[in-house]
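Novice: Start counting the sequence shown at 1; every next residue gets the next number (UniProt numbering).
Calculated directly from the structure, the hints in this document are not laboratory data.
Fair warning: there could be bad hints in the mix.
The calculated lysine-lysine pairs, modelled on DSS-like cross-linking and capped at a C-alpha distance of 25 Å, are [what the hints assert, rightly or not]: (1) Lys119 - Lys139; (2) Lys79 - Lys394; (3) Lys222 - Lys208; (4) Lys97 - Lys139; (5) Lys90 - Lys129; (6) Lys186 - Lys119; (7) Lys59 - Lys95; (8) Lys90 - Lys117; (9) Lys222 - Lys192; (10) Lys59 - Lys2; (11) Lys79 - Lys95; (12) Lys392 - Lys222; (13) Lys208 - Lys186; (14) Lys161 - Lys192; (15) Lys79 - Lys336; (16) Lys336 - Lys266; (17) Lys2 - Lys266.
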Amino acid sequence: MKDPAALFDFMGRNDVIWFGNMNQEQSWDQTKALPVMTDHVQNELVLQQEQQLLLIASKDHHVIMHHQPEPAFLAYLEKQGVNLPRMVQKEDGLKLKGLIVPYLLDESVEQDSSLEKRKFYGSNSTLVKRFNHKISTRKWAEEHQFTVTCGAVCQNADELKQTYEELRANHFSKMVLKIPYGSSGKGLRILKNEREFMQLVTFIERRKIQTDLLLEGWHPIKRSLNAQLLIQEEGSHLLSITEQKINEDGIYLGTDFAPIYELDKKREYEVSMHRIIELLYEEGYRGVVGVDSIIDENEQLIPIIEINARFTQVTYLLPIICRFFSTYEYIESRFKRFSCSADLPFEDVLTEITEALDPGEDGGFFIYTFGKTRAADMWHYRLFILFYHMKKDKQIHMLTKFDDMEFSAERGREFAEK
Numbered sequence: 001m002k003d004p005a006a007l008f009d010f011m012g013r014n015d016v017i018w019f020g021n022m023n024q025e026q027s028w029d030q031t032k033a034l035p036v037m038t039d040h041v042q043n044e045l046v047l048q049q050e051q052q053l054l055l056i057a058s059k060d061h062h063v064i065m066h067h068q069p070e071p072a073f074l075a076y077l078e079k080q081g082v083n084l085p086r087m088v089q090k091e092d093g094l095k096l097k098g099l100i101v102p103y104l105l106d107e108s109v110e111q112d113s114s115l116e117k118r119k120f121y122g123s124n125s126t127l128v129k130r131f132n133h134k135i136s137t138r139k140w141a142e143e144h145q146f147t148v149t150c151g152a153v154c155q156n157a158d159e160l161k162q163t164y165e166e167l168r169a170n171h172f173s174k175m176v177l178k179i180p181y182g183s184s185g186k187g188l189r190i191l192k193n194e195r196e197f198m199q200l201v202t203f204i205e206r207r208k209i210q211t212d213l214l215l216e217g218w219h220p221i222k223r224s225l226n227a228q229l230l231i232q233e234e235g236s237h238l239l240s241i242t243e244q245k246i247n248e249d250g251i252y253l254g255t256d257f258a259p260i261y262e263l264d265k266k267r268e269y270e271v272s273m274h275r276i277i278e279l280l281y282e283e284g285y286r287g288v289v290g291v292d293s294i295i296d297e298n299e300q301l302i303p304i305i306e307i308n309a310r311f312t313q314v315t316y317l318l319p320i321i322c323r324f325f326s327t328y329e330y331i332e333s334r335f336k337r338f339s340c341s342a343d344l345p346f347e348d349v350l351t352e353i354t355e356a357l358d359p360g361e362d363g364g365f366f367i368y369t370f371g372k373t374r375a376a377d378m379w380h381y382r383l384f385i386l387f388y389h390m391k392k393d394k395q396i397h398m399l400t401k402f403d404d405m406e407f408s409a410e411r412g413r414e415f416a417e418k
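Assemble the whole structure, with the sequences as input and the hints as a guide.
Specialist: This is the structure we're talking about:
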């Protein structure tokens, strides 16, 4: 486990400007191969995950904010030992001169930097887009002889049907269809049976979609790993190996930051990640990369499920994780979405969680994102929390309690009456 904040090659500059363009990748999806409804509320809350940049930026850096966090939440971060950087609103931040460090280096960041004669951290938007492309990544992994999942790239409905039958013959009943772009489950569709597959194929046929699609057999997962890589001229690093908590629909639920693996399997994984670092360096890529991998139930390591050629939530959290890592044996994150009619202030949510979890003296929790927005007379919330403890049973107790917590309008009225 390494703290990236101490390793970034910012060329000796302190005029660093962090920018969380969290939803930018969704604008790349032009295939329309998956039926999807845009959830503007959740998109708004995802953008508020820019609060996580406050954890990695130095005190003399700037962080561009689309939304101003609640003062009580900022005071809480400071009380937890976070040295807050300078926060500026987007319209003011984009006028600053300095080194832009974006969540995702895309064409718009590159163009804005060129117009304003600013530098940006990373390689170039073309490479970033290429390695975020799920189908290109699959082909790249095959080209370099990494073990990949069973499946094939298809360009139309007929090829999808053929690949589906081949996967069925190889005893896969559950499959996943991936489009080129999309993160956190947005760029894929889990197909649990033939009926779901045929519904999707019919959708694709009616729209006469001709594009690269990836149909894979769903390997029963034993462990779901993530590696954070930092690739720079002044030295590259394997920052961390963590384990993702994924539900049966492929949606991210949280991260175990202190997983334990058999030594030979860990070494095999580290060798694969260092090879990826070398190959990406040769390609000219510079910056942060997150690599999703699995160990299936047959103990087969599949090193590249997908590559996120950008910062990730784990990257931003690593400075905090490194602080806890030497003291606590169990460190895990979770998030919760909920809605109610009440406008819940941060202090009241914090009080409610503290009373429910009761971590004791050997552990605790840290709220690192408190997002909220109003739509249609309802308030919608998105909480991210880090749990840490010395005792496994206490850690499990906290996680279970948090998973079971509900915030309702009735609870909101109780808060309002206090």
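Novice: Would you check the hint for Lys90 and Lys129, treating anything up to 25 Å between C-alpha atoms as holding?
Specialist: 23 Å, holds
Novice: For the pair supplied as a hint, Lys161 and Lys192, confirm whether the alpha-carbon distance does not exceed 25 Å.
Specialist: 15 Å, holds
Novice: For a C-alpha distance cap of 25 Å, please report whether Lys90 and Lys117 respect it.
Specialist: 18 Å, holds
Novice: Has the given pair, Lys2 with Lys266, been kept, meaning a C-alpha gap of at most 25 Å?
Specialist: Roughly 17 Å separates the two Cα atoms, so the pair holds.
Novice: Just to be careful, I want the Cα atoms of Lys119 and Lys139 compared with a cutoff of 25 Å; is the pair within it?
Specialist: With a Cα-Cα distance of about 32 Å, the restraint between Lys119 and Lys139 is violated, given a limit of 25 Å.
Novice: Please work out if Lys79 and Lys336 have their alpha carbons no farther apart than 25 Å.
Specialist: 23 Å, holds
Novice: Are the Cα atoms of Lys222 and Lys208 separated by 25 Å or less?
Specialist: With a Cα-Cα distance of about 37 Å, the restraint between Lys222 and Lys208 is violated, given a limit of 25 Å.
Novice: Verify the proposed pairing of Lys59 with Lys95, using a straight-line Cα cut of 25 Å.
Specialist: Holds - the C-alpha atoms of Lys95 and Lys59 are around 20 Å apart, at most 25 Å.
Novice: For a C-alpha distance cap of 25 Å, please report whether Lys79 and Lys95 respect it.
Specialist: 31 Å, violated
Novice: Given the hinted pair Lys79 and Lys394, is their alpha-carbon gap at most 25 Å?
Specialist: 24 Å, holds
Novice: Sort out whether Lys192 lies within 25 Å of Lys222, counting only the CA atoms.
Specialist: Cα-Cα ~18 Å, so holds.
Novice: Has the given pair, Lys59 with Lys2, been kept, meaning a C-alpha gap of at most 25 Å?
Specialist: 20 Å, holds
Consistency with the previously given hints fails for numbers 1, 3, 4, 6, 11, 16, ordered from lowest to highest.
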